[in-house]
Structures are given as structure tokens and as C-alpha cells.
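Working from the sequences, and respecting the hints, build out all of it.
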Amino acid sequence: MNVNETLGTWSELFMLLAAMTYLVSFVAFAWDLASHSKALRGAEGAGERELVGAASGGASRGAPAGGSADDAGRGFRTTARSELAGHVADAEMRYTGERRPAARVAVAVMVLAFVVHAAAVVTRAVAADRVPWGNMYEFCTSGALVVAGVYLAALLAKDLRFVGTLVSGLVVIMLCAATIGFPTPVGPLQPALQSWWLVIHVSIAVAASGIFTITFAMAVLQLLQAHRERAVLAGERPGMPFLRLVPSAQALENLSFRLNAVGFAFWTFTLAAGAIWAEQAWGRYWGWDTKEVWTFVIWVVYAAYMHARATRGWTGTRSAWLSIVGYLCIIFNFTVVNTVFAGLHSYAGV
Amino acid sequence: MSTSAPPSSSGPSPGTSPEPPRKGEPGVELPSLGPLGMLRWAWTQLTKMNTALFLLLLLAVAAVPGSVFPQRIQDPTAVSDYIDNNPVLGEWLDRLQLFDVFSSAWFSAIYLLLFVSLVGCVLPRAAKHWRAWRAQPPRTPRRLERLPEHRAFALGGRDGAAEPAPDEVVADAARLLKKRGYRVAVRDAGTAAPSVAAERGMWKEVGNVVFHLALLGVLVSVAVGSLFGYKGQRVLVEGESFVNTLIGYDSFTPGTNYDADWLEPFSLRLDRFEAEFNRDTTVPQNYGAPLDFTAEVTVQDEPGAEPRQEVLKVNQPVEVNGVKSYLVGNGYAPVVRVTDGNGDVAFEGPVVTIPTDGVYTSSFVLKVPDARPDQLGLVGLLLPTAVGEEGTMPRSVDPGLANPQLILSSYYGDLGLDSGDPQNVFVLDVEPLTELNAMMSSNGAIKLDGANRTYELPEGKGTIEFLDVKRYVGLDIHYDPGKTGAFVSFLAAFAGLLMSMFIARRRVWVRAARGTDDDGRPTTVLEYGLLARGEDPRLHTEAERLAELWTEQWQSAGVRETGGAGRTTATATPAGTPAGNE
Ligand code: HEM
Chain A
1 MNVNETLGTW SELFMLLAAM TYLVSFVAFA WDLASHSKAL RGAEGAGERE LVGAASGGAS
61 RGAPAGGSAD DAGRGFRTTA RSELAGHVAD AEMRYTGERR PAARVAVAVM VLAFVVHAAA
121 VVTRAVAADR VPWGNMYEFC TSGALVVAGV YLAALLAKDL RFVGTLVSGL VVIMLCAATI
181 GFPTPVGPLQ PALQSWWLVI HVSIAVAASG IFTITFAMAV LQLLQAHRER AVLAGERPGM
241 PFLRLVPSAQ ALENLSFRLN AVGFAFWTFT LAAGAIWAEQ AWGRYWGWDT KEVWTFVIWV
301 VYAAYMHARA TRGWTGTRSA WLSIVGYLCI IFNFTVVNTV FAGLHSYAGV
Chain B
1001 MSTSAPPSSS GPSPGTSPEP PRKGEPGVEL PSLGPLGMLR WAWTQLTKMN TALFLLLLLA
1061 VAAVPGSVFP QRIQDPTAVS DYIDNNPVLG EWLDRLQLFD VFSSAWFSAI YLLLFVSLVG
1121 CVLPRAAKHW RAWRAQPPRT PRRLERLPEH RAFALGGRDG AAEPAPDEVV ADAARLLKKR
1181 GYRVAVRDAG TAAPSVAAER GMWKEVGNVV FHLALLGVLV SVAVGSLFGY KGQRVLVEGE
1241 SFVNTLIGYD SFTPGTNYDA DWLEPFSLRL DRFEAEFNRD TTVPQNYGAP LDFTAEVTVQ
1301 DEPGAEPRQE VLKVNQPVEV NGVKSYLVGN GYAPVVRVTD GNGDVAFEGP VVTIPTDGVY
1361 TSSFVLKVPD ARPDQLGLVG LLLPTAVGEE GTMPRSVDPG LANPQLILSS YYGDLGLDSG
1421 DPQNVFVLDV EPLTELNAMM SSNGAIKLDG ANRTYELPEG KGTIEFLDVK RYVGLDIHYD
1481 PGKTGAFVSF LAAFAGLLMS MFIARRRVWV RAARGTDDDG RPTTVLEYGL LARGEDPRLH
1541 TEAERLAELW TEQWQSAGVR ETGGAGRTTA TATPAGTPAG NE
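Sequence order for the protein chains is A and B. My numbering puts the first residue of the first sequence at 1, with every later residue one more than the last. My numbering puts the first residue of the second sequence at 1001, with every later residue one more than the last.
It is worth saying that the hints were derived from the structure and are not from the lab. We put the CB at the ideal spot given by N, CA and C, even for glycine. Don't take each hint at face value.
[Said to hold, decoys possible] Pair ranges (Cβ atoms, derived):
(1) A/A118 <-> B/E1302: 52 to 58 Å
(2) B/W1262 <-> A/I173: 52 to 58 Å
(3) A/T184 <-> B/F1426: 28 to 34 Å
So, in C-alpha cells, the structure goes:
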């Protein structure tokens, strides 16, 4: 196996460049949130709705949409949705025609960063002559690439620019963590990792983590938005004006549920592929190795999340918390478990 | 599942009332219940969705200590070390089964309850679905405009075309829906307002049931494996054979119900072992890292069978009738001969050493209980590629065998092997022994290499000769009869999961009735509504698709969207329609 060191150096340079470019897009996204929500408020100006009066009809959240449409005209019931309409973004998350120059710049810069980042990952793979996920540095950088890729792909269908700050911020953090926390020179794979299952198992795990990163960001926004919605419905002045650009908590929850369902399917597959690989390498498919314990914990937390959505009293804020807890477990699994706990997965010695 | 409410698109309001009163739940008033009633009550509680959720979260939390404390299934020595270092805490942790989390009473209780809950939840659900499958799609609601998606079209009137008869409209709609994968039932045919009820996505629920039951299958398979499987370990030096019998193993752990008579009578000889190391110096940190391990073995399925050559690698076990042998370790086994003080050969053969670092500096322990007049003990290091000037401590600089050297200390005395207490072959307790020579003592360590192969022990205690270095492999041998079942169950679970998550279950109702349009001309109003069961982001798109279908079907007669049933004379509850909706 030949290691091409020059290419490896190029890869590191690209990675650095990508991190800086993401940082620029992060700033642009943040700028968009700040400036655009201000612009929105300005446009509404004095015409802002009289909140207290509107709430007097007794808000019945989640009343069947059909019924409310009928009755609204006769002044009986108003749904929370119509009441929140001026305060949150469109639930369909479609693009509107408004001009958001900062957001456009942010997306364009992020695409550029993604290209440079992809170049960094690919050159690393070529330099090492294998798939670029054989150690922590590589999991982190490839994972960040997937996060950015999933996010940019999702932008094609939906206007998710409101999570851009969080997503680009997380990507910058991942790249910094890789470069500062786990710097590793380009090298060949140890025998334990030389298997097709590495390609399958790890790529799906990285993809699942990428999806969970985005739903994590959405869950955080959902909690903030839910808090703000309660203020709106109570007739108070809602804070956090940037959340005007963000759809309602319910809409965020619906979309993140669908993404989490895909992520959960991926994670299920990761878990099973890991078991198959373990069976081939170590002779048992499940042995409660530290890494296996945490993979299992994560799987169970997201299974609980799937159930929470179907359980009375567990939708909304609580299920957002489950999504956040699941993601924290993923972070923990990746950082602490990989570095602190010893186990078969630490590949120490033979 | 009687008590949970899967969210439909018009689902329960989030977080308004965490504990709403539940309908149709028998026996919640406790005091009046007898033992049977108590049982039923417990069962109802257990099979609630809330309970399942709680148990799942509990399971996740309960698994965590299994990664915090050392576990006996992983590393029994780490557990005894832990207990030695923390005697009080350790004993308590042990009492709470925190070193055996995954076989502990409490962990088992959680997952068993969870699976009981699962069965109690899923079987009734499966039965209900079975009935739903055989029954017709549900009756047409009286007020279609209450459904999350609802539209109405006026048919007829284009270029003087007559309006189609309601019965024909309904029959055509039924045919179109059927083609789109719905199962359909025509209702109230021949009345003023016939309708068709249609439903699709029945496989979604099947997927859910299969998924949950397959999880049970995984559990059962794991249980089968731990009852009727076994695992064992064996270190095998080049040239040696392993015969699959109890005495062939260095360690053997049978499953709870495994009988050692069932061992497959195969044998396996290690012919050659080869390790390849990284010699690329461009990145110094990676120099000497292992690249590839290959063991060439000869396998005989049973005594007298045709021997076959196989290659054993790290990710490539050798299988004989379901028993798999894995390459899990390797190292060097220097071959030495020890002649005792009486001049007899007391030991001759390979000594398995344990690598302690990346360049295979290996620790060597040899106990020679047969030496006379005194038993001998030797400890030290094997350096595969030794370097070091005179007077400095030699060290190994490469994992390969360029200049193998043995550096040993020797002892004599009673090794304590006759006491009957089990001893670790890789550890020599020098406390009761007398030192002959050592690194630190005046006569220095024994140093043996290619140039100096023989060393005379002081005080005429004997001679040690360094003959050769062989390689050895560490084998894990596993038999798990539950493996196939677990794999098949997983496949079923995964298929079920995908079905359950990505099939949309929807209902459509179409009703047709005569009416008049805004200009008072006669027309037939086709009114339809859609309802999703569970998550369905595409319900609106489906409504759109159906609109396209109707338009295509009746465009020559004329199709116009109307604001809804209210603007036509066709009422939603025409006379003659049996009011059959709940
Ligand atoms: C080992 C324990 C369990 C695991 C790992 C598990 C996992 C899951 C997962 C991942 C889903 C979402 C995917 C799908 O819709 O099929 C799900 C759905 C579901 N589970 Fe479970 N489950 C378990 C036990 C239970 C139990 C005990 C119950 C009943 C009390 C239950 C009832 C349901 C129901 C009703 C759904 C469908 C929810 C919906 O309609 O959206 N599950 N389960």
C-alpha cells in the first residue's frame, strides 16, 4: 500500500481552506437571520397584529383544519396556526420571492466550502489509497462532509436556510475538532479494519450521523420556537426575533420526524452491519463492547423517539428533547467512548 | 394498542393535556377489582404505549453502566482488579450486578417486560389489522369537507354534454382508484348519492407488526445462541495442531445447555504464519504498523477425512460445520531447550510470549518444573530486532525478526505448581524463589541471540539454549446456532421497518350526486376527501393526483372545480342514504 504524502499535505490544506470558507458562510447565515428578521419586523411596523384581542376567542390548538376554515369567518374559533401566522415562517418551507442577499451569499459560500471540502476528503482517500474513514480524523471530516451535503441537498427541495447557522457552525466545529483534536497523518489501514464491512458499516453510520446532526439543529430551533409560540399565544411580546424566519414548532417537528425516520433506518442498518462485521472479525456478533453498548443506547433512544411521536403527551417538546438526547449520545459515542473507554473498537495492538 | 393514538395529520394537539381521559379502557377503577381484575389492569398498563416508551428509555439508561464499569463478559481480569482496588465499592457494585449488567436481573427484567409489552401490544394490533384487511374499507363519512383534504368538481356541461349519472361516476372513480392501488367498495349504489370508499397502504401496518415480532425473533435467537453455543480459545504455534476436544482448548466457555460431547471432531494445523509490516518511512508514525496477517492452515473435518488447505485472516475465519475459528492474535514463540543440573533435558519446545508494544517486544515466562535437583523459572523479554551497544539496555526497533534476542533472569526453587492452585502460565511469582542471575544483579541478565545460543546457569543449575523462533496465532473458536435466526430476524425487522415507515396508509372517499351549477344548469358533483393514517406528508400531493385523474376521465364532459358541496343542490346527506357513519 503506497501512501502519497504530497497529496496528503494538499488534503490538509484543502481541509483548512474548507473550514475557513464554512466559517464565512456561518457568518453570512447569522447575518441573514439578524438582518432579515429585523427587516421583517420593520415592514410590519405599526401594523403588527393586536395579539391580546385575537386570543380572546380561546385558542384551540390543533383543531381540525377543515372545521376551523369553515368557522373562522363566523368568529368562533381560531386555530393556533392562524394566530401564529404573522410570527413564524411558512410551514411548507417553500422558497418565497423575497430578497435575502445575505442568505444567498451564505448558501453560495457554503457550496464553495463543500466543493473544497470534498476535494480534501477525496485527495486524502487517494493519498491513502483506501476509503477515507479509517480513524477519528477521517470519521470527523467525512462526517462533516455528509452533514454539509445532506443539508445542501435538502435546500434544493425546501427553504431550510433558517438552520444554516447551526449546520454550518456544527460543520466548522467538526472540522476544528478533527484538525485540532485528532490530527492523524495519512496512513494505511490496520488489518482489523481491512474489510468491505468498513466501507458499508462506517459510511452508513456517518450518513446517519449527518442526518441526526441536522435534526438536532432543528430540534433546538423547535424548542426555542415552542417557547416563543407560547409567549405569542399568551399575548406577550415574543423575544428572539430571528425565529420569525423559522417555521412553527409543529412544522419543524414534522420535518425532523421524517428525517429522523430515515436516520433511524440508517442507524438500524449500521448496527446490524456492525454485528455482521464483528461476527466475521471476532467471532461473535454482539458482545457488549463499549462501542456496541453505545450504538445500542443510541438506537434505543431513537426508537423511543419514534414511539414518542405516536404517544399522547409525548409529542412536541418532549420528543424534541429525545432527539437532542439521541444526538448527544452520538457525540459521546464518538468522542468519549472512542478515546477514554478501552474496547475492541479502539484497535489497540493485536 | 387500544389506548395509543397514532398522530394523523390532524393528530392530537401537542402537549396540551398530558393525561387525557381514555375512552374504552376497562377496569380503571381499582378498588372493586378482584385478583383477576388486578391482572387485567396490570396487563392494560403494561401494553400501553406510554409504558413501552418508558421501558425503552429505561433500557437505554440501564445499558449505560455496562460501558462505565468493566464487564465480566468482556474482561474478567479487569473486574477482579477493580474489586481489588476498590474493595468496599467493588463489592457493592458486584452485589448490584454492575459487573454483569447485560445478564443482571434488573436489565433482564426491563427487556423481558418490554417484550411482554410488545407482544401484548402487537398481537391485538395484528388481529385488528387482520379483520380490517378482510373487511371492506370504512363507510363514507357524512361530511367529506371535514377531512384534511377535500375537493369537489362539477361534471358535465361542456359543449352541451350531459352530466354523467352519479352511479357511473362512482363506478369510474372506483375503477380508477383500484388502478392506483386502492382497494375499493362502492356504497349506496342506485341512491341519489352513491359513493366509493377506498383505502391503500395496508402493508404499512403489516410492516409494523413484522418489525416488532422480528425483534422478538432476534431476542429468541440470541437466547438460543447462549444456551446451545460455546466459545473457546487456543494458542497455536507453527507446526502444532488443534483438535476440537475439551482438552484441545486453553479456555472453554460452554453455553448454559451445551454438552461437550457435541463438539465437532475437526482438527486444524497451523502450517505457516506471516505478518506484513509497514516499511514505508514517509510518515514515521506509521512505520512498523501491521499491514496484513495471514495464517495458512490445514483443516481436517473429522479423523480420516481429506485434509484441506485454508487461509485464515483477521476478517476471514475458517469454518467447519458451523464452528468458526478466528485469527485474533499473534506473536513469537522462541524455541528453547533447558538442560537441568543433572544433565537431563527438562524442557524443549516453543515458549509463547506476549507482545507488549508495536515492535513486538514480548514478555517471556518459562517454568521448568521437571528440572532437577531444583525447579527452574525464567522470565524476561524477547526482542525481535534487538539493537544496543555494550552496556546499554537493548531494545527492539522493528516488529520483524532481524536480530532476535532473549534477555532473561533465572530463578530456582519450588515453583509451587504441586499445590493444586491454578496458576497463570504467563506470570512467574519470584517471591519464594532464589535468584540465579538478573539484569540488576552482579552477574547480569542472560543474553541469547544468533551469535550466543547457549548459556550456562550459575551454580551448575543447568543450561539454556536458544534454538529458533516460531510464530504463533491466537485463535477464538466459536459456535453459535442462533446466528442464522438472528440474521433472518434482522432482515425481517429491517424490511418491516422500511415498510412501516415509508408506505403511506390513506383513505379516499368519493361521492357523486346531482346538482346545479352557478348558472342553474344541471351537473353532477363529484366530491372527495382524503384521510391519512399516521405520518403522511404527501396527502396533499395525492389529492392533487386524484384531481388530475378525474379531469382526465371526464374532461370531454366538462370538469370544473367548485367551492365545495355547499354551493350545489347536492346535499351531503341526501335522502335515501342510510346514515351509516359513526
Ligand atoms: C423492543 C422494543 C421495541 C422497539 C425497539 C420498538 C421500535 C419501534 C420503532 C423503531 C417504531 C417506528 C417504526 C415503525 O413505525 O415501525 C415502532 C413503532 C411502533 N411501536 Fe414499537 N418498539 C418496541 C416495542 C413496542 C411496544 C411494547 C409497543 C406497544 C406498547 C409498541 C408499539 C408500537 C406502535 C403502535 C408503533 C407504530 C407507531 C405509529 O403508529 O407511528 N412497540 N416501534
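Item to check | Broken hints, by number | outcome: none
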